[in-house]
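Given chain A's structure and the hints, the job is docking chain B onto it.
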Amino acid sequence: MGWAGHGRGMLHVAHLSVEYPATRTDALRDVDLDLRDEKMVLVGANGSGKTTLFKALLGLVGARTGRIELFGEDVRSVRGMTQVATNLPEVFRLVSLPVEDLVAVYARLKGGSPAEPLERLRAFDLTGVLPKRIFELSMGQQKMLGNLLAVCFEPRLVLLDEPFDNVDFERRRRLVRLLNELPAELLLSTHELDLLARFPGWRLAFMFEGRLFGPFRVEDLDRLYLSRGRASDARAVLETRVGAFSVTLDRGERPIKSATSLGALMEALP
Amino acid sequence: MNVLRGYTKAMLTNRTIWSWGVGFMLFWLVVGAFIESQGQDLSGSGVVVYTAAWYVVIVLFSLSMFAVAVANSFTYGSAALAYSFRFSKLSPAGFFGSVVGGSAVMGTVLSFVMLGSTVGIFGLRFDYRFVPANVPALVGISVGAGVFYMALATVLMLVVINYLGLKSSAFVGFAPLLLSYAFGLAQVYAQLPAWLLYASPYNEIESLLYQAFVGSPTPLQISGSTSAVLAWPYLAAGLVVWTALLSGIAAGLLRRIRARQIEEGRQI
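In order, the protein sequence lines correspond to chains A and B. Mapping of the first sequence onto this note's numbering: residues 1220 to 1489, in sequence order. Mapping of the second sequence onto this note's numbering: residues 59 to 326, in sequence order.
Worth flagging that the hints you see were computed from the coordinates, not collected in a lab. The model shown is predicted, which means the values in this text are computed figures rather than measured ones. All C-beta atoms in this analysis are idealised placements derived from N, C-alpha and C, irrespective of residue type, glycine included. Please note that a few of the clues may not be correct.
As the list claims (entries may be wrong) - Only part of the chain A face toward chain B is listed, based on derived beta-carbon distances under 8 Å:
#1 Leu1279
#2 Glu1309
#3 Val1310
#4 Val1314
#5 Gly1462
#6 Ser1465
One chain only, chain A, in its complex shape (with noise of 0.2 Å):
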């Protein structure tokens, strides 16, 4: 992995691999990773590892090997770290309420004032919302609500799992804006690849099989290629269970632009 030289910031991750207790396979597998002072996109297919990982780094799955820290503290020992907030669905499941009443109660557990979420839920046109339960809403709604609440109350460290999904068209774009602008670091995943464009200045990594690849930054992307086998000037070599496959600067077989999903990207390769 090539990520030496970041040095260790606000989420430092080192040798991490987790498992599926269920079936004791990989669900990551060797994962480093450092955040810090900047903002970072990780692109993966579904089912790659990446929701996962941001569980992981949450200490809501433990790890079989590898450590993690935020902020410099063991993930593990964290309490009452308000500055790092999520929109993963279930860590807003606390007590069956209205969406008013769940936002007053997160806003206080966060130390915060639930003026300011319900001000970005009105500023989203979402105030349709706040009467609802939370199984009442749409799946869009309930992935922007999650949204919402990860970027208020001035968090330092945002970790947001696709939260693109199922979302329309004119809210991604106010999203993309809210985000770009945001100040505070942010791990955001996806597995939609044509997005990345609008993230300039942002760091990019790819997850597959529940490994990391890179690090790239996104105005690398027109220049990106990939390529079956490994090519000595690979910028990143994804091992995966059908082969090993390169990341190359400025040729290769495939461009990675031009692909929906990485995913799809490999199995269109010869």
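Same frame as chain A, but now just chain B:
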């Protein structure tokens, strides 16, 4: 809105608690007053004893039903709790205190509803004006019982979440209710040893409620003719010890709560 207010509101507006913890219990009170009483010799103080027996057992059932409903909801919130303890101001002790506080409020409401319903339904059946001997004590005991049940149900559900897996929740979660049926009815119809009645929190609650309703110490067997009675200070002390012990265990288990996928609990 803090977690205490949130939980209290969620409890007070929960349809499951009202339909099973209250509605279903009213059904049993009607059965007790108008069907089970048929053919029984209930002259004189027998009416009061019979009514008190139904009241104490129904309060046990109602509170255990309530605690089971609330504790079951923890399976849906295990990830939220694990997350909140790390990344919010919520602490395990603060959360447990909020649940206990909500339970105390709900216990007060349930005690008034059950007391009023019992007095009304049985009064109608027997054309008798029941005056419970010590209403403040009845409410206080009901609140204490609500807290005990919540601590017990929380411990059991956290054992499921942390160690057994959600597949076991359907069975383990109902243990407080099943034990209430067993111990509650046993004291009415059988003479259990005194040490067991002093040691069992269900019988401590039942005996304390009975004494507060009738105004005299509870006999070892409520429907029997035994003259041996139970001393309320020991009963109260036992209930306090049980509640404190279970609360301590619940707080410890909350600190180690595991985030579970709710799908894990699906039976079929």
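Evaluation of the provided hints:
1. At a threshold of 8 Å, the smallest CB-CB gap from Leu1279/A to chain B is about 4 Å, leaving the interface hint in force.
2. Annotation: interface hint on Glu1309/A holds; nearest CB of chain B at approximately 4 Å, less than 8 Å.
3. Restraint check, Val1310/A versus chain B: the minimum CB separation of about 4 Å is within 8 Å; hint holds.
4. A cut of 8 Å between beta carbons decides the hint on Val1314/A: the least distance to chain B is about 5 Å, and the hint holds.
5. Residue-level restraint check for Gly1462/A is violated (minimum Cβ-Cβ distance to chain B is 32 Å; threshold 8 Å).
6. Interface restraint check for Ser1465/A: the shortest CB-CB distance to chain B comes to about 36 Å, outside 8 Å, so the restraint is violated.
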